[in-house]
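Based on the provided sequences and hints, a complete structural model is requested.
Protein chains in written order, with my numbering: chain G, 1 to 329; chain F, 330 to 730.
Everything labelled a hint here was simulated from the structure, so no lab data went into it. Source: prediction; values computed, not measured. Among the hints, a few may not be true.
Label-pair restraints from in silico Cβ distances [to be verified]:
1) G:Q280 <-> F:E498: 22 to 32 Å
2) G:H140 <-> F:E474: 29 to 39 Å
3) F:E474 <-> G:M278: 17 to 27 Å
4) G:R194 <-> F:K526: 51 to 61 Å
5) G:M278 <-> F:G477: 49 to 59 Å
6) G:R226 <-> F:A520: 23 to 33 Å
7) G:R203 <-> F:G477: 21 to 31 Å
8) F:E475 <-> G:M278: 14 to 24 Å
9) F:T594 <-> G:R203: 46 to 56 Å
10) F:K526 <-> G:R226: 21 to 31 Å
11) F:G605 <-> G:R195: 54 to 64 Å
12) F:A615 <-> G:R265: 55 to 65 Å
Every beta carbon over 12 Å from chain F, so not counted as near; a handful from chain G, in silico [to be verified]:
13) E48
14) M83
15) L163
16) E164
Just so it is clear, CB atoms sit at the ideal spot from N, CA and C, and this is done for glycine as well.
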Amino acid sequence: MSAVLSYREAVRQALREALARDPRVFLMGEDVGRYGGSYAVSLGLLEEFGPERIRDAPLSELGFVGAGIGAALGGMRPIVEIMTVNFSLLALDQLVNTAAALRHMSGGQLNVPLVVRMATGAGRQLAAQHSHSLEGWYAHVPGLRVLAPATVADARGMLWPALEDPDPVLIFEHAQLYNLEEPAGGAAQPVDIRRARIRRAGRDLTLIAYGGMLPRTLAAAEALARDGVEAEVIDLRVLRPLDATTLLESVRRTRRAVIVDEEWRSGSLAAEISARLMEQAFYDLDAPVGRVCGAEVPVPYARHLEDAALPQTPAIVAAARSLLGARPA
Amino acid sequence: MIEFKLASLGADMDQGTLLEWRVKPGDAVKKGDVLAVIDTTKAALDLECWHPGTVHELLVEPGRTVPVGTVLARLLEPGEAAAQLPAAPAAAAVPSLPAAPATAAASVTATVTAAAAAATSAAAAAAPAPAARRPISPAARRRAEELGLAPEAIAGTGPGGAVSLRDVEAAAAPRAASRDRSVEIRATIAAAMSRAKREVPHYYLSDEVPLGAALEWLRRQNAGRPVSERLLIAALYLRAVALAAVRHPALNGWYVDGAFRPSATVHVGMAISLRGGGLIAPAIHAVEQRSLADTMRALADVVARARAGRLRREELTEPTITLTNLGDDSVTAVHGIINAPQVALVGAGKISARAWVVGGQVVPMPAVTLTLAADHRVSDGHGGARFLADVASRLQRPADL
Numbered sequence: 001m002s003a004v005l006s007y008r009e010a011v012r013q014a015l016r017e018a019l020a021r022d023p024r025v026f027l028m029g030e031d032v033g034r035y036g037g038s039y040a041v042s043l044g045l046l047e048e049f050g051p052e053r054i055r056d057a058p059l060s061e062l063g064f065v066g067a068g069i070g071a072a073l074g075g076m077r078p079i080v081e082i083m084t085v086n087f088s089l090l091a092l093d094q095l096v097n098t099a100a101a102l103r104h105m106s107g108g109q110l111n112v113p114l115v116v117r118m119a120t121g122a123g124r125q126l127a128a129q130h131s132h133s134l135e136g137w138y139a140h141v142p143g144l145r146v147l148a149p150a151t152v153a154d155a156r157g158m159l160w161p162a163l164e165d166p167d168p169v170l171i172f173e174h175a176q177l178y179n180l181e182e183p184a185g186g187a188a189q190p191v192d193i194r195r196a197r198i199r200r201a202g203r204d205l206t207l208i209a210y211g212g213m214l215p216r217t218l219a220a221a222e223a224l225a226r227d228g229v230e231a232e233v234i235d236l237r238v239l240r241p242l243d244a245t246t247l248l249e250s251v252r253r254t255r256r257a258v259i260v261d262e263e264w265r266s267g268s269l270a271a272e273i274s275a276r277l278m279e280q281a282f283y284d285l286d287a288p289v290g291r292v293c294g295a296e297v298p299v300p301y302a303r304h305l306e307d308a309a310l311p312q313t314p315a316i317v318a319a320a321r322s323l324l325g326a327r328p329a
Numbered sequence: 330m331i332e333f334k335l336a337s338l339g340a341d342m343d344q345g346t347l348l349e350w351r352v353k354p355g356d357a358v359k360k361g362d363v364l365a366v367i368d369t370t371k372a373a374l375d376l377e378c379w380h381p382g383t384v385h386e387l388l389v390e391p392g393r394t395v396p397v398g399t400v401l402a403r404l405l406e407p408g409e410a411a412a413q414l415p416a417a418p419a420a421a422a423v424p425s426l427p428a429a430p431a432t433a434a435a436s437v438t439a440t441v442t443a444a445a446a447a448a449t450s451a452a453a454a455a456a457p458a459p460a461a462r463r464p465i466s467p468a469a470r471r472r473a474e475e476l477g478l479a480p481e482a483i484a485g486t487g488p489g490g491a492v493s494l495r496d497v498e499a500a501a502a503p504r505a506a507s508r509d510r511s512v513e514i515r516a517t518i519a520a521a522m523s524r525a526k527r528e529v530p531h532y533y534l535s536d537e538v539p540l541g542a543a544l545e546w547l548r549r550q551n552a553g554r555p556v557s558e559r560l561l562i563a564a565l566y567l568r569a570v571a572l573a574a575v576r577h578p579a580l581n582g583w584y585v586d587g588a589f590r591p592s593a594t595v596h597v598g599m600a601i602s603l604r605g606g607g608l609i610a611p612a613i614h615a616v617e618q619r620s621l622a623d624t625m626r627a628l629a630d631v632v633a634r635a636r637a638g639r640l641r642r643e644e645l646t647e648p649t650i651t652l653t654n655l656g657d658d659s660v661t662a663v664h665g666i667i668n669a670p671q672v673a674l675v676g677a678g679k680i681s682a683r684a685w686v687v688g689g690q691v692v693p694m695p696a697v698t699l700t701l702a703a704d705h706r707v708s709d710g711h712g713g714a715r716f717l718a719d720v721a722s723r724l725q726r727p728a729d730l
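Encoded structure:
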């Protein structure tokens, strides 16, 4: 094993470990077998585990997500890969009307232990039909657990707890993170898929991010630290149900928060978090809650326009500064 | 109704502490009356009324620190009845309150509200024409409540000038701790001088000026005067500088917003050392119109009050040129920093006997090195030299001063 592990390799290892650990687990999706996955996550798994457990699906998200739900109801532990969140819209009916609702509609008799993985996010010049961040839509839906691993360790460690969850879990892998590398850490560390995580401690304000926004938010915290501003950085990790406790504890200490969210601002997860902070920590706030979100346009193809449409580190730094007022440096 | 507001009593003043009221509700006041004494970082200053009226209501208690622009009291206009006040002013008549002016020339503004139509409802009445709502963070508001402070009265440094938690806690810190006046003065000087040295392109000129005639004239004048009325050479400097400044307007005025505003009159700021360190340069007004004796009286008065910490507003904000006299400090010359937005500063060193050539003979001559620091954006060396020569020339004719 190499000294460093990439996010892509971490997801693959997590898949391999899950497939080896539980015979009920199988992977299904477009191009996951012979092609090795559109982001090469499942490369080599077909050869290792065979076509029964690494199943190429036809180009029908509605069909193969439905098949995954059926398999889960039948006692399997399917992992369904959808190429990108944009395409998952074709499976919304299965995910929202069926997977998320069955336990409730059956009076608790039918649960759906399904894991759906999909890529999300922009930054790769894949234009407006492959680049959006719609995880907030799923985070709106009761009955779903929504995860966003932002580190190699979380990419490795979130899959197994997700498979152990008796209800449907959606895992959003930001496409820009696949090449992220971290020192290899041996065996997968179990991840608590109920809790957010403080990635950097700080006293002056709280930066809240998840997924693909975490690295640039940490970079913003570094930049702020050079000017003596100590930003706390929280990685949400769990988009639903939100770990409000960790957020509130932090904001009650720092009294300021900026939410960094690649989604469009209107109706975003950032909006929900902002509202909760206002509702539950209003009297602790020393400045309005700030947001840095994606521009409200279909994500552009052109590199410079795409960059301009996404939250970048300088914008995060500027938003943080704007909450600090005329502080002595 | 007249709103009596805290004016900016200096270019760098953004808040002040009300030390005492000199009036109470019901008192009739006229223009120029001192209504309140305000503590700034530099001095305790009298705040005057610029409008005749009757004190109706005092809105701020002594001890409170409030931002510039805060309405301190409400006054009735002459002839205005108190009963008219509670009426809710018609919307169109509510003055829009501008952001607090912070210019050097800011003065007390009396905002006059047209008498309102009819007092129909007492409930509607309660709202006085509000100043723009001050942004106060929720955390700051709660903390202020815990501490028993009025958050509206605290200067804000948060986003958009909002009162933040830090501001409340700073305001609550024991006054004694933040009340080391010499520290505050030093900080004020540091800020003003740093800005002037950074922004103003200074040039410096100097000349040795013989003072034999002036000193001899002073000696004869003072021989017949009681000690309290004796003239000092500084009074001659003041008059010479003021009269020369009238002739050379590019040295007398303010450089504000990228343009020079010459002053028709000469308010000479006199640099005065303070006990405990620091200095202050209050104006001696319209020196060019005063007699020498009058100038001397004004000088003695302003020095005494500066050192007692009791100056009037105009004296700090309105100098149009500054004179600094280090003659008692055994230095030959002073190359000063201009007290921006002024554009010139005249310095005088010690008077000492120097070898002087008069009529082909070397004679001992008491002389002073006069210097000029001037703003090159407004004047040039040639003009500055002519000004300095004019000052020197006038000092040779003391009887004309």
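Structure-based check of each hint:
The hinted range of 22 to 32 Å is satisfied by Q280 of chain G and E498 of chain F, whose Cβ atoms lie roughly 23 Å apart. Between H140 of chain G and E474 of chain F, the C-beta spacing of about 37 Å keeps the proposed range 29 to 39 Å intact. Checking the proposed 17 to 27 Å range against E474 of chain F and M278 of chain G shows it holds: the Cβ atoms sit about 19 Å from each other. Look at R194 of chain G against K526 of chain F: about 59 Å separates their beta carbons, and that is inside 51 to 61 Å.
In this structure the hint that M278 of chain G and G477 of chain F lie 49 to 59 Å apart at CB is violated, the actual value being about 26 Å. At roughly 25 Å, the beta-carbon separation of R226 of chain G and A520 of chain F lies within the given 23 to 33 Å, and the hint holds. Evaluation of the 21 to 31 Å hint for R203 of chain G and G477 of chain F yields a pass: the beta carbon distance comes to about 27 Å. Between E475 of chain F and M278 of chain G the beta carbons are some 21 Å apart, a value that agrees with the proposed interval 14 to 24 Å.
Taking the beta carbon of each, T594 of chain F and R203 of chain G are about 54 Å apart, inside 46 to 56 Å as hinted. Look at K526 of chain F against R226 of chain G: about 28 Å separates their beta carbons, and that is inside 21 to 31 Å. Between G605 of chain F and R195 of chain G the beta carbon distance is about 58 Å. The supplied range of 54 to 64 Å therefore holds. Roughly 60 Å separates the CB atoms of A615 of chain F and R265 of chain G, a value that falls within the hinted 55 to 65 Å.
Every CB of chain F lies more than 12 Å from the CB of E48 of chain G, the least distance being 55 Å, so the non-interface label holds. The claim that M83 of chain G lies off the interface holds: its Cβ sits roughly 42 Å from the closest Cβ of chain F, which is beyond the 12 Å cut-off. Taking the minimum C-beta to C-beta distance to chain F, about 43 Å, the non-interface status of L163 of chain G holds against the 12 Å cut. Look at E164 of chain G: its CB is around 41 Å from the nearest CB on chain F, clear of 12 Å, so calling it non-interface holds up.
In this structure, only the earlier hint numbered 5 is contradicted, and the remaining ones agree with it.
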